[in-house]
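*Asks:* Sequence:
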Amino acid sequence: KFDSSNEKKARSRPWTETGNSKSPADIWISIPSPKNRGPQPENWSKLSGQFKMLEFPMNGKAAYQKAGNKGLYLFWSKEFGDWKLAERL
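The sequence shown runs contiguously to residue 140 in our numbering.
Derived from the structure by calculation, the hints contain no laboratory data.
Bear in mind the structure is a predicted one, so any value in this text is a computation, not a measurement.
There's no promise every hint is true.
Said to hold, decoys possible - Simulated restraints on C-beta separations:
hint	residue 1	residue 2	range
1	W95	D133	12 to 22 angstroms
2	P108	P85	32 to 42 angstroms
3	W134	S96	13 to 23 angstroms
4	E106	P85	31 to 41 angstroms
5	F107	K86	33 to 43 angstroms
The beta carbon of each residue, even a glycine, is placed where N, CA and C say it ideally should be.
Taking the hints into account, I'd like the entire structure generated from these sequences.
*Replies:* What follows is the structure, encoded as structure tokens:
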């Protein structure tokens with residue numbers, strides 16, 4: 052369970068496009084199974100796992116590539132103002 056005091060701290064952190072906030076070297080994504088609905092669709096498992104930071108930023112923020120998968124990326128979209136998962140940058 053997520054501690055509400057940590058949640059408040061996380062929400063209050065400033066995120067900047069200049070890269071002033073330190074980005075983690077890797078990110079882990081986990082997709083929980085829906086309760087009482089059986090297993091997740093098979094292709095969802097491809098999204099779970101470790102994403103490692105790329106050497107170059109994308110749109111002013113760190114970009115990530117899934118470890119062991121050369122074709123899955125996590126990056127910031129300036130156009131939509133949110134994070135995207137895609138097969139290419």
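*Asks:* Going back to the hint list, which numbers does this structure go against?
*Replies:* none
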